[in-house]
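**Q** FYI, the numbering for the sequence shown is 1169 to 1255, going by this note's numbering.
These aren't lab readings, by the way, just hints derived from the structure by calculation.
There could be a bad hint or two in this list.
Claimed, not checked - Below, in silico cross-link-like pairs of lysine to aspartate or glutamate (EDC-like), each with a Cα-Cα straight-line distance of 20 angstroms or less:
(1) 1240 / 1189
(2) 1240 / 1252
(3) 1240 / 1208
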Amino acid sequence: MRQCQERKNRINRGLPFALVEQLDWHSALVWPDTRKDYGEARWGALVPMGDRLYFVCYTWRRNNMRVISFRKANNREIDRYETENHP
1169 MRQCQERKNR
1179 INRGLPFALV
1189 EQLDWHSALV
1199 WPDTRKDYGE
1209 ARWGALVPMG
1219 DRLYFVCYTW
1229 RRNNMRVISF
1239 RKANNREIDR
1249 YETENHP
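Start from the sequences, fold in the hints, and give me the full structure.
**A** Structure (structure tokens):
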């Protein structure tokens, strides 16, 4: 399943999950995803790389980050990141 998600993300969004490692996690805005019970703790993050902002949804499994979704941030998310990081 994981390989299918990664392949689908790479094809549809042009973003391989491996690129997540290159993001600037020190500047990330991270929050718990509590919208529903997923059976595991999930996190949402807005993370910059260069002059672009990305959204990552992930969970932790055996001390390893498992990426669920990875895409360019939309305008609403960019506004949130800028508001919460530069009030």
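**Q** Hint by hint, say whether it matches the structure.
**A** Evaluation of the provided hints:
1. 1240 / 1189: Given pair residue 1240, residue 1189 holds - Cα atoms ~15 angstroms apart, limit 20 angstroms.
2. 1240 / 1252: holds, 18 angstroms
3. 1240 / 1208: violated, 24 angstroms
In terms of the numbered hints stated before, the structure departs from hint 3 and from no other.
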